[in-house]
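K.L.:
Residue strings, one per chain:
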Amino acid sequence: MSERSARIAGPLLLVAVLAVAVVIRGDTGLRLSDPEPGASDALTAVLDALPDEPTVLIGFDPDVGTYAEIRPTVRTLVADLAARGSRLAFVSLTAEGRALALGELARLDRLGAGPAALRDLGFVPGAEAALVALARTVAGDRALGDGEDITDLEAVDLVLVIGGNDLGPRSWVEQVVPRIPAEVPIVAVSPSVLLPEVLPYVESGQLAALISTPREGAAYRESVDLGPLAGWGEAEGPAALAVLVGLLSAIGFLGTGVGSRVLGGLRSSRGRERA
Amino acid sequence: MNGLIADGDQMATLVAAIVTLVVLGGLLGERRAFSWTQHLFAGLATGYLALLAITEVVVPRLVVPLAADPAGRLDLWLGVGLVATAAAAPWVPRVVAAIPISVAIGSLAAFALGGAVVGTLLPQLAASLARPGPDLPATVGSAAGAAITGLVLIGFVHGAPRGRVLSGAASAGRWLMLAGIGGWLGYLLLSRLVLLIDRIAFLLGDWLGLVG
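Here the protein sequences come in this chain order: Z and E.
Residue numbers for the first sequence follow my numbering, beginning at 1 and rising by one.
Residue numbers for the second sequence follow my numbering, beginning at 1 and rising by one.
None of these hints come from the bench; they were simulated from the model.
Just so it is clear, CB atoms sit at the ideal spot from N, CA and C, and this is done for glycine as well.
You may find that some hints are simply not true.
To be verified - Per label pair, the in silico range of CB-to-CB distance:
1) Z:Phe253 <-> E:Phe34: 20 to 26 Å
2) Z:Phe253 <-> E:Ala104: 41 to 47 Å
3) E:Ala84 <-> Z:Arg136: 43 to 49 Å
4) E:Gly47 <-> Z:Arg7: 31 to 37 Å
5) Z:Arg136 <-> E:Ala87: 26 to 32 Å
6) Z:Ala139 <-> E:Trp77: 24 to 30 Å
7) Z:Phe253 <-> E:Ile105: 38 to 44 Å
Just chain Z, with the same shape it has in the complex (with noise of 0.2 Å):
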């Protein structure tokens, strides 16, 4: 086999063998969801807390290249707060996150979801800026800005983010906390690779709960019961064979690179040695 060929035979075969993973998906026996679902349970903690037809201003700005990891999750708990009469205000601060926004808004309206359950407050400039003026809103000092009519946002009682972009939980956080009433908690949805950054907010209660990985997102979607709203979440996640043949492969990967490293200083030292 040539060089070429071997460079293209693994990719092509890792692609081969993950699309026969998500074909028999049903059938290996594998659960992704975590065994131990206290991240599930913060959660529907704070989401049963809530008063009846709760406002929820959701900060949308997951990341295109990790929105697949979240979608499932983001989905579920978006129909999980429409079967608790919830009023969704989505808003973006990121152009990448007012896309995605725009097409969650677009399937939304698709199966069913009138503007009385959902409000776009549409895409905010400014940064940290904007979201201060947002804090600022939800905490009743002024309104938006031009443009926008949210002043009823004055009753917001859950802030939800979904993470992924620059302005994600950390700048929630950071800008948002310390300026709007106690009482009003802030949850997110964030992809694994940020849960070093974010994990830290939930250890000091800054955020009330956090779904940040596939196991966690996985967990929260089998303790929901959506009733006829179960169109609107997504209860399938990424095949857990999938990704564990994807891992194997990458830590397989991994250790021939570092095999191959440790052979190769053998051989030059016993070269040197014998020289």
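Please build the complex by placing chain E on the supplied structure of chain Z, with the hints as guidance.
P.N.:
The following block gives chain E in isolation, referenced to the frame of chain Z:
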């Protein structure tokens, strides 16, 4: 499966599938089509950003308020002046051109630094202090967290004379930091792996209909 395309919109699904295949083809060494999709993406992203800026920022937040009350919005006129100065930077004195940049950087830094100190630095410094927990593992974990924080901070001490103990602590701090970065890369790998699996599921499900 991703649900972002309306049901029955087969043309959109077909285009998405072709572009996904072309990007995956980059894995196999097909660079020309891959490069073409990169240019397509850059063009679409630029157009989207321009559209977003016009429809959601410039028109509703600048043009409409100024048209409604031109004399009463000095703040917006000041902003327009700063933007015009930034745009004219190549032709105006450096001192003048520096004003809008200074305002932008200064205001951003003020917001970001203030929030970082109040929301992150102080709470995390407090959290990194060793304290007795409700049980032994929690106490040990708290002490380990404080020790690791201290060692990593020592790892950043440069330019100061260090003895054998301090050098050892700095070396341990650097290795601990590398271990942390390794763990973070593991999470990054998981996120990207799920993206690849999602794309494969899109091809097999939405496009070919092989999985439900």
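K.L.:
Work down the list of hints and note, for each, if the structure agrees.
P.N.:
Results for each hint:
| no. | hint | result |
| --- | --- | --- |
| 1 | Z:Phe253 <-> E:Phe34: 20 to 26 Å | holds (21 Å) |
| 2 | Z:Phe253 <-> E:Ala104: 41 to 47 Å | holds (43 Å) |
| 3 | E:Ala84 <-> Z:Arg136: 43 to 49 Å | violated (29 Å) |
| 4 | E:Gly47 <-> Z:Arg7: 31 to 37 Å | holds (35 Å) |
| 5 | Z:Arg136 <-> E:Ala87: 26 to 32 Å | holds (30 Å) |
| 6 | Z:Ala139 <-> E:Trp77: 24 to 30 Å | holds (29 Å) |
| 7 | Z:Phe253 <-> E:Ile105: 38 to 44 Å | holds (42 Å) |
The structure fails hint 3 only (numbered hints given earlier).
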